[in-house]
Structure formats: structure tokens, C-alpha cells
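> Now for the letters of each chain:
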Amino acid sequence: MNKNSQRVLGVVAAAALVLGSVALTTAQAATKSVTLVYQGPLTGTDAQTGQDELLGAKTAVQMYNDSNPAVKVTLITADDQGEGAVAGTVAPGVAANKNVIGLIGPAYSGASIASFPSYKATRLTMVSPSATRVTLTDAKSPDNGFPFFHRVVGNDALQGPAVVRWSIDGVSSPKVYVIDDQTPYGTGLAQAATAYIKKMKVNEVGSDSVVQKTSDYTATVAKIKNSKANVVIYTGYYPDGGALAKALNDSGWAGVFAGGDGVLNDAFIGVAGKAAAEGAKFTAPAVPFETAATDAQQVAFTKATGLKTAAGHVYVTETFNATNVFLSCIKLGKLTRAGIQQCVATGTFLALDGKTVLKFTRQGEVVGGAPVGGFQVVKGIIKYFGAV
Amino acid sequence: MNFSVVVSQFWPLLINGLALGFIYVLISLGYTMVYGVLRLINFANSEIFMVGTFATVIVSRNFFGFNQNTDPLHGFKLVYTLGACLLASMLVSGVTAVLVEIVAYRRLRAKGTNRLASLISAIGVSIILQEGVRILTHSVPMSNPRLLRKAYIFNIGSVGLRVDTLLVIFFAAILFFLVDRFVSKTLLGKAIRAVSMSEETSKLMGVNLNRVISATFLIGGMMTGAAAFLYETVYENTKYNVGFSIGLAAFTAAVLGGIGNLRGAFLGGLSLGLLEEFAAAILGTQWKSVTVFLVLVLVLLFKPNGLFGEAVQQTRV
Amino acid sequence: MINIRDRGAELWENWNRPKRTTFVILLLAVIVLLPFAGDYSFSSFLNTPISSYQAVLVYPVGIFVLMSLGLNIVVGKSGLLDLGYVAFFAIGAYTAAILGTKTHLNIWEIMPIGMGLAMLSGVLLGLPTLRLRGDYLAIVTLGFGEIVRIVAVNNRATGGPNGIANVPNPPSIFGVRFALDNMQGFFWIILVMILLVIWMVRRLSIRRPGRAWEAIRQDEDVAMLMGVATLKYKIWSFSIGAAIGGAAGVIFASKSMYVAPDMFTFNISVLILSCVVFGGMGNIWGVVLGGTILAYLPERIRFISNARQLVFGLALVIIMNVRPDGLLPRKKREKLHKTVQPLAVEGEQNV
Numbered sequence: 463m464n465k466n467s468q469r470v471l472g473v474v475a476a477a478a479l480v481l482g483s484v485a486l487t488t489a490q491a492a493t494k495s496v497t498l499v500y501q502g503p504l505t506g507t508d509a510q511t512g513q514d515e516l517l518g519a520k521t522a523v524q525m526y527n528d529s530n531p532a533v534k535v536t537l538i539t540a541d542d543q544g545e546g547a548v549a550g551t552v553a554p555g556v557a558a559n560k561n562v563i564g565l566i567g568p569a570y571s572g573a574s575i576a577s578f579p580s581y582k583a584t585r586l587t588m589v590s591p592s593a594t595r596v597t598l599t600d601a602k603s604p605d606n607g608f609p610f611f612h613r614v615v616g617n618d619a620l621q622g623p624a625v626v627r628w629s630i631d632g633v634s635s636p637k638v639y640v641i642d643d644q645t646p647y648g649t650g651l652a653q654a655a656t657a658y659i660k661k662m663k664v665n666e667v668g669s670d671s672v673v674q675k676t677s678d679y680t681a682t683v684a685k686i687k688n689s690k691a692n693v694v695i696y697t698g699y700y701p702d703g704g705a706l707a708k709a710l711n712d713s714g715w716a717g718v719f720a721g722g723d724g725v726l727n728d729a730f731i732g733v734a735g736k737a738a739a740e741g742a743k744f745t746a747p748a749v750p751f752e753t754a755a756t757d758a759q760q761v762a763f764t765k766a767t768g769l770k771t772a773a774g775h776v777y778v779t780e781t782f783n784a785t786n787v788f789l790s791c792i793k794l795g796k797l798t799r800a801g802i803q804q805c806v807a808t809g810t811f812l813a814l815d816g817k818t819v820l821k822f823t824r825q826g827e828v829v830g831g832a833p834v835g836g837f838q839v840v841k842g843i844i845k846y847f848g849a850v
Numbered sequence: 002m003n004f005s006v007v008v009s010q011f012w013p014l015l016i017n018g019l020a021l022g023f024i025y026v027l028i029s030l031g032y033t034m035v036y037g038v039l040r041l042i043n044f045a046n047s048e049i050f051m052v053g054t055f056a057t058v059i060v061s062r063n064f065f066g067f068n069q070n071t072d073p074l075h076g077f078k079l080v081y082t083l084g085a086c087l088l089a090s091m092l093v094s095g096v097t098a099v100l101v102e103i104v105a106y107r108r109l110r111a112k113g114t115n116r117l118a119s120l121i122s123a124i125g126v127s128i129i130l131q132e133g134v135r136i137l138t139h140s141v142p143m144s145n146p147r148l149l150r151k152a153y154i155f156n157i158g159s160v161g162l163r164v165d166t167l168l169v170i171f172f173a174a175i176l177f178f179l180v181d182r183f184v185s186k187t188l189l190g191k192a193i194r195a196v197s198m199s200e201e202t203s204k205l206m207g208v209n210l211n212r213v214i215s216a217t218f219l220i221g222g223m224m225t226g227a228a229a230f231l232y233e234t235v236y237e238n239t240k241y242n243v244g245f246s247i248g249l250a251a252f253t254a255a256v257l258g259g260i261g262n263l264r265g266a267f268l269g270g271l272s273l274g275l276l277e278e279f280a281a282a283i284l285g286t287q288w289k290s291v292t293v294f295l296v297l298v299l300v301l302l303f304k305p306n307g308l309f310g311e312a313v314q315q316t317r318v
Numbered sequence: 235m236i237n238i239r240d241r242g243a244e245l246w247e248n249w250n251r252p253k254r255t256t257f258v259i260l261l262l263a264v265i266v267l268l269p270f271a272g273d274y275s276f277s278s279f280l281n282t283p284i285s286s287y288q289a290v291l292v293y294p295v296g297i298f299v300l301m302s303l304g305l306n307i308v309v310g311k312s313g314l315l316d317l318g319y320v321a322f323f324a325i326g327a328y329t330a331a332i333l334g335t336k337t338h339l340n341i342w343e344i345m346p347i348g349m350g351l352a353m354l355s356g357v358l359l360g361l362p363t364l365r366l367r368g369d370y371l372a373i374v375t376l377g378f379g380e381i382v383r384i385v386a387v388n389n390r391a392t393g394g395p396n397g398i399a400n401v402p403n404p405p406s407i408f409g410v411r412f413a414l415d416n417m418q419g420f421f422w423i424i425l426v427m428i429l430l431v432i433w434m435v436r437r438l439s440i441r442r443p444g445r446a447w448e449a450i451r452q453d454e455d456v457a458m459l460m461g462v463a464t465l466k467y468k469i470w471s472f473s474i475g476a477a478i479g480g481a482a483g484v485i486f487a488s489k490s491m492y493v494a495p496d497m498f499t500f501n502i503s504v505l506i507l508s509c510v511v512f513g514g515m516g517n518i519w520g521v522v523l524g525g526t527i528l529a530y531l532p533e534r535i536r537f538i539s540n541a542r543q544l545v546f547g548l549a550l551v552i553i554m555n556v557r558p559d560g561l562l563p564r565k566k567r568e569k570l571h572k573t574v575q576p577l578a579v580e581g582e583q584n585v
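Residue numbers (our numbering), protein chains in the order written: chain A, 463 to 850; chain B, 2 to 318; chain C, 235 to 585.
For reference, chain A alone in the conformation it holds in the complex:
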């Protein structure tokens, strides 16, 4: 490369930086409006979860802005890649943005803990659609987000027992094998499930921890077969869960494969293959958007996202609900962080179906606990079986 082309490159790079900052400033210069931010993994390994959730937030904001309110709402995104280290850099920036009055998220528990110090210091209210770790709302834990953290999703202490109940439902003399994926989410859910197994005196025949991105599950399958387990509970995410279910099926193991909300995804069937996925059971503190939404909400969803249906996308309902909590407060004229915090902490809100009432406890959980739904793959389609 000669001197000239180097110079050109330099100029292009500088121009790109300047243009980037211009684009950002113009985006903020709207008329009377407030800003909500969605924080979650939009790139990186877990990008799919964040992109799915963003659909729910977009839909809610679209519906709100279409109703011609006095104050428009702008939705911006903060990509924390679902990782604590990234969240530690992103959160101070979000916290310092004075236009932001509420935060939808953080989506992941680890990223939440890394973000809490910043949001507590700047008094930014959070409503998370999917951070399920128990300690986040535990007053005794060092990593709680009190009083600014709230969540519209049931925590692992609710889901752990539910996944055990649902997985052994209809199995005579169940022998359970629990496998986690060594992520904060997976180990948390596995602990909750194991505690319930002990409490109910279910027969747990073994446990294993398999890191994410493992491709070969031979050793795990061997251990499961050796233990004569007939129920496997996998607490992790669908790419690995699908591969494990496939390996189990290919080895000739016939039993119930079950998982939590991390595995509940249409893509699970693709990864595991139809034969291995058939009969797999999932739980999720989540109601599928397409079953709960009204026609108007479906229309708004399509308009906001360009997608025909929310099927196969996770946490859309929860993100919609979390966004709606903020939007209800904005409708009441709460346009400051202090006003929003007071409103979210004390107010009563309606969920997507227009019937379920959401109200937060002092620690930020939904009063009465969010329902945990049971799902099962029937003839290649994930079916919702109601609360379990």
C-alpha cells in the first residue's frame, strides 16, 4: 500500500467516526420525547435471545406511539453481549445518558450483577424480562439490585421445582439425571431443581456439568446410561441442549428429555432433529406471545417487527410486559427517573392478556409469583400445556 492510499484510508476512518457521532446526535434530537433503553445480548454467542426480546419491546413501543400520546417514546438498545465484562463498560454509559428514564433488562443475570452498581448510583429503574437468578432479588445476597431492579419473569426458585414436576409427570418410578452448562443461569436452575428433588425425595441418580459449545457428548451419555436414568433435566441453552438430546437418542436411550426456558426454542427441534426432539418437555416462566396476544397486538407485532408470527421467538411476552410497565408510568406523566421508580415500585400493571395483574414486591418480584408454563414437543411442534 502506498502513502496516498494510506492517507485515504486514514481520512475514510476519520470520516466514519465523525459521521457515526453525527448520526447519534440527530437520532436523539426528536420532539418532546423520552427514551427507554433495552439492554441485552444483541451480538455475540447469545445474540438470538436479545434479538427475540427486542421484538417484544419494539411491539409495545410501536403500539404506544401509534396511540398519539403527548410524549413520544424512543427505544434505544445497549448491547452487553450477555457478558459481565461488557456490561461493566456499557452500563455506566447508559446510566450517564440523561434522556434514559427506564431500562428494559438486563436480559442476563451475570450482566445484571455487573450493571447494578452503575444503575444504583444513578437511580435508574430496571424491569427485566428474563434475568431469573434467585439472588438478584434476595435482600440477603450481596448481588441484589434493590430497590431499582424488578422482573416480570418467575425466578429459578419457581422454575426449578416446576421443571422437575413437569419432567417426571407421568413417569412411573422416575430416576432423574441433572446436567448444567456451567453458566450462571444453568447452575442456578440446576441448584433449584436439585434442592426440590431432595425435598420431594425424588430419586436423583447423578449429575454432570458440561461446558457450552461442547460437541461430543459421549462421556455424558455413557454416564446417563450407566446410571439407568429415565429422566434427564438439562439446564442450559438450546444449541447445546439440542445436541445432547440428539446424542442421547442416537445412543438408543429412551427416556424423557426436559429443560428450562433456555432450551425452549423452535430451533431446539432443528438442532436435535425431529426424532430426538419428540416428547421433549420444557418449562418457562413465559407465555407464548402468539397464544396470549389479542388481534390488535398481533397486528402491532407484525407492523413493528416485519414478522408474521412470534412463534419460535422467546420472551417476547415478557419483554412486552416489561416495556408496558414503563409505558403505563409514562402515560401517567412520570417523565423523570425518580417518578418512574416510584411509579414502578408502587403501581399496578396489566400483562399482555389484559387480565393478569402485575405488581411488584418490595424486592422487585411479581406479587404471587409469575406462572411457570409447561411445554412439550408433539409431532414436531412445541405445544403449550398451561401452568404446571
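There's no promise every hint is true.
To be verified - Partial list, computed: chain A residues near chain B (C-beta under 10 Å):
| # | residue |
| --- | --- |
| 1 | K675 |
| 2 | D678 |
| 3 | A681 |
| 4 | T682 |
| 5 | A684 |
| 6 | G704 |
| 7 | A705 |
| 8 | S713 |
| 9 | A737 |
Unchecked claim - Using 20 Å as the maximum straight-line C-alpha spacing, the simulated DMTMM-like pairs for lysine to aspartate or glutamate come out as follows:
| # | chain 1 | residue 1 | chain 2 | residue 2 |
| --- | --- | --- | --- | --- |
| 10 | A | K841 | B | D72 |
| 11 | B | K151 | A | E740 |
| 12 | A | K560 | C | D415 |
| 13 | A | K736 | B | D165 |
| 14 | A | K560 | C | D273 |
| 15 | A | K687 | A | E666 |
| 16 | B | K151 | A | D712 |
| 17 | A | K736 | B | D72 |
Just so you know, these hints were derived from the structure itself, not from any lab.
As the structure is a prediction and not an experimental result, all values here were calculated from the model.
Virtual Cβ for every residue (Gly too), placed ideally from N, Cα, C.
Once you have looked at the hints, place chains B and C on chain A.
Quick look at chains B and C alone, frame taken from chain A:
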């Protein structure tokens, strides 16, 4: 510690460990051949593997139109479909490897600079490949339709041998044998070996250096591509970041056997596959990679140049 | 191609003492004021979208530069390829997190402990492995980095995958506060640490250890024949580098107030190594420049969120191909024996 698993599940662990080991063998050829010729770690090889897995999946899904609902194939159709996928993987990976050499290494080599510059350049290329595929696939895993019925073809006592693991062992062994013959018998193979012994001397003897290096990358890449195809037949899934852990394992295998040495890679790959399976079964899957590295350190302490070391200089690539 | 390094050196050589002092003071003043650059319109182009500019200056920029300087001693000065540098960073960070939450020691008291533990692990790892050459060392250090992370994931004392929350901020010194809303405090303390490391490396370079490292890097066998205690000096270089990594870890833990295993992946090792090579191996100013650019660039281009890493990879390939010795390479003199240019030309360049 759980030894009862080893007793009751010994044969599945052994056979699957061997199959995994053979996949490592083929990938570690990509590392070891390049290292032999250029004395540098081809960091982008894990991405060359990743590209190969996508080649197989795309050919079977888009070219042949298979999907999750299609039934596995039989007879002649099975053979030519698998053959097409294998060729596609080898071709795509081989060509990618040659391109990587041209983009990341050639200029730097011409300037005769330090090897770390090439290493960083290779890391850059591997980030580009990985991120490019991630953006194209929206970070979603892609699954390979089942082409080959995973049937147990024969039983020895209580031990079932599954057709896909046998296919891996069979194919990988043949390919390794071919490469080994190629390097020791053909003219190009001899040129590769000459360059790996002394670049300067072989240049003086009239070896076209760029051609030999391109050929090395092509063969290494094709073997990595073949591994990618075999991987897809057994595990049937891929994702943009599939290369990282498997590439790391293959690289470890190459070092374990003595990097730069073909037969060392063979031994290293097989030992690593078996070691991983048994360590995971006995100690728990989470301690698998720790065990592998501890064994590696121990081996290097006693044999600082790997299992095969420099002793068999003649078979060096 | 313009040789920025030689031009700079030439300029510097021709200056007299007052001129040099003024330049250093001005440069330092600009750097010290950097955290406020985002607040004024004329310098607001430095601002990072979405993530906080002041936080970015601390992590990744400041900490990456500090770690790059530490790794430069190992890779750049003595030519040992370390692919697991993140291990020492993690050891420092976990020391700070465990002692900071379980004992009453404050971060400044923990600092020497963290550095000491990192150094100790450097010696323990170095004793058996530093006998290995080049790429064998690379894979062993890589393995060590992974082992440290896996142990952290599987250990109760380190909080498992959940990590450790509520690591305390350091108490203030000389009236400078260290808190989330006062990031410049962290930036300044890291700046001081960077200056100390630079000072130390420059002293060492011209004394016996520096000359021994240089000899080892150029030809280990010859160095040993000439009576250099190679293993001893290699372990010194390794453990000094480790101590700096540990110090960076301690500061990082108390800055982010939270540590978890997923912060200490292999990627960090690769990134730090890239900073060193990208900037110019062996040259302190090059390494500082490399660390700054590679840490800052991905945050600055967050507005192209999806293609951010892709651009980063492109930058690595292009720069390494255009400037294989890094942006500011070390002096040519050291490579004399490798080039085939006539001596007279080399001599001219060195005058």
C-alpha cells in the same frame, strides 16, 4: 470419581473416543503441515474447519434439498450424496486455506519479518471469517439433515458398532494413509519435506517456494475440510463458533504428538480423543480440558518435543 | 514509508533539556485531562457511543495498555510467546475479590498480595515450562490460562460461574475519589501505574537483565554459551510480566466491582498479544499506542454494532501487512544480523 461408567460403558467410550480422535487427526494435519513448512501456528485453521462444516450443510440442504423431515438415504444415492458433501467440504476448506495463506501470510513472508506478525495477521483473518459467518447466519446454529441412518450394523458381544462412527474411522484412516504416502513418495511431497528441512537450501535446489507452500495449505485445508464433513455426519450441527474448541483440541493434539510431524499428529490425535472421553467419564466433563493440559505438560516435561519429537526427522513434512 | 519512530527520535535527540521537559509536561497534562475530553464540543469526537467514555478509558483502554506493557516484557523483550497472559490478570482480580469481600483489607493493601500471588504462579509455571522452546511454551501457557478459568468456574471459593459481587472500591488517596461516578480517579491511578512500569522497563532494559533478555531473544543457545543464566532471566521476565498482569487484575476487580469467570477468556490473552504486536513489539511507545488503539477502536465503532468485530479483524490484517513490525517498531539495530542489506546502509540508518 466414577469408575463404574468405565466398566459398563467401556466400548462406547473407546469407539467414540477413537472416532473423535480420528477427526482430530485430520484437523491437526492442517496445523502440523503448515508448521512443518513455515514454522508458524496456523491460527486460522479452526475457521477453515468451520467453513468446511457449513459447506457440507449447505450442499446437503440447498443443493440436494434435504431437510429435517427427509428420510435418510440408501444405496447409490447415499454414496453420491455423501461423496458430493465430502468433496464440497474439502474443496471449500482447501481453497479457503490457500486464500488465507495469500491474504495473511504471503506478503509478510516476502518481507521476512518476525513470526508473531503472521500470527496476529492470522488471528485477524480468523476473526473476519468467524464474524462474517456469524453475520450471515444471524448467530443461529444450522443443522445438517440426517443423510445416513445411524444404525448399529453389527454387534460384538454386547457392543454395538454404529455406522457413522465406523465411517469416520474408515475414511480418516484412508485419508491419513494417502497424505502420508503423498508426502513421502511424490515429487511435490518431497519438495514439501525439503522446504520443511531447509527453506534456503531447497530454494537453491530449484524448488518453487510459493507453489510448495500453497500446496501445503491446500492439502492441510482439504484434510481439515474432510474432518468437517465427518464431524457433520456424526454430530450434524454447526455454528459460527464451532471451530474454536475443536481447533484448540486439534492443535493440542499436534503438539502432543510433536508438531511438524505427520505420524506424531496421528498418535497425538488418537490419544487426545481417548483421553478426553475417559477423563470426562471418570472425573466429570468439566475437568476434561484441565486433564488434557496437565497430560500435555507432563509429556512435554519428559519429551520436550512431543511424543514423536525430532527423532523421526525423516517423516517430517 | 515514513519512519515515525526515527523521525520522533531524531526530533527528541535534537531538543535540549528545557524543550524536552516542556514537551513531557504538556503531553502528560493532555493525557491527565483526557477523561474530561468528552464534555467539550471540540474534543467530543472522542466520545464513545452507548458505553461510557470515562469507563472505556479505564477498561479496556488503561488496563489493556498496562497489561500490554507487562506482556511486552515477556514477548517483546525476551521473546517468550505467552498465550495465557489472562491467567495472571484473573489471579489478581480474584485475589482482590476474595480478600476484598472476606477480609477488611482495602484494595491498596491487597495490591501487593495480588501482585505477589500472580508472580508466584508465574514462577511456579515458569520453572518447569520455560525450558521449552517457542511454540511449545505457547500451548502450555495457553493451557494454564484455561485451567485458571476452569478452576474458577468449578470452585466454591471463587463463586463458581456466578463470580463474586460487591468488590469494594479503593479508598481515596490524596483526595482523589475512586467510585463509579468518578471514573477519572481510576484512570489516573492506572496512568501512574503505567508510568511506573515504563520507568521500570526503561531502567531494566539498559541494565544487566535487559541485556540478558535481549541476548536470549536473539539467540538462546549463544546466550547460554556466553554465560547468561538463561533460565533465571527467563523466569524473571515471566514473573515481572505476571506481577503487572496481577496489578491490572486487582484494579479491574475493584473498578467493575464484580468478577466472573467469563471475563477471563482466551480472547483477552489474544487481544493483549495483538496490542503488543500491533503497536510494535519491544518498543514501549509502540505498545502503548497499540493498546490504546485496539482497546478504544471497538468501543468507538459501536454504532456499527453488528460488524464491529469484523472491522476489528480487518484492521489487524491490514495493519500487520502494511507494517509487519507494528505501528512503531523497535530500532533496526537489533535486527542487524537478520537482514541481508549491506552494512553501510544499516550504519547510516543508525547514525
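> Has the given pair, B:K151 with A:E740, been kept, meaning a C-alpha gap of at most 20 Å?
17 Å, holds
> Does B:D165 sit within 20 Å of A:K736, going by the straight-line distance between their CA atoms?
19 Å, holds
> May I ask you to test the interface hint for A:A681 with respect to chain B, counting a Cβ-Cβ separation under 10 Å as satisfied?
Holds. Min distance 3 Å.
> Does A:K560 pair with C:D415 here, judged by a C-alpha cut-off of 20 Å?
This hinted pair holds, its Cα atoms lying about 14 Å apart.
> Taking the least C-beta to C-beta distance, is A:A737 closer than 10 Å to chain B?
8 Å, holds
> Holds or violated: the hint that A:G704 contacts chain B, with Cβ atoms closer than 10 Å.
7 Å, holds
> With the threshold set at 20 Å, check whether the alpha-carbon distance from A:K841 to B:D72 stays at or below it.
Within the cut-off at roughly 16 Å; holds.
> Against the 20 Å threshold, does the CA-CA distance of A:K736 and B:D72 hold or violate the hint?
It holds: about 11 Å lies between the C-alpha atoms, which stays within 20 Å.
> Hint check: is the beta carbon of A:T682 less than 10 Å from a beta carbon of chain B?
Holds: closest Cβ of chain B sits about 6 Å from A:T682, inside 10 Å.
> Measure nothing beyond the straight line between the CA atoms of A:K687 and A:E666; if it is 20 Å or shorter, mark the hint as holding.
14 Å, holds
> Quick one, are A:K560 and C:D273 close enough, alpha carbons at most 20 Å?
Satisfied, since the Cα-Cα distance of roughly 14 Å is no more than 20 Å.
> Can the hint on A:A684 be confirmed by a CB-to-CB distance to chain B that is less than 10 Å?
Nearest chain B Cβ about 4 Å off; hint holds.
When the structure is compared with the earlier hints, no violation turns up for any of them.
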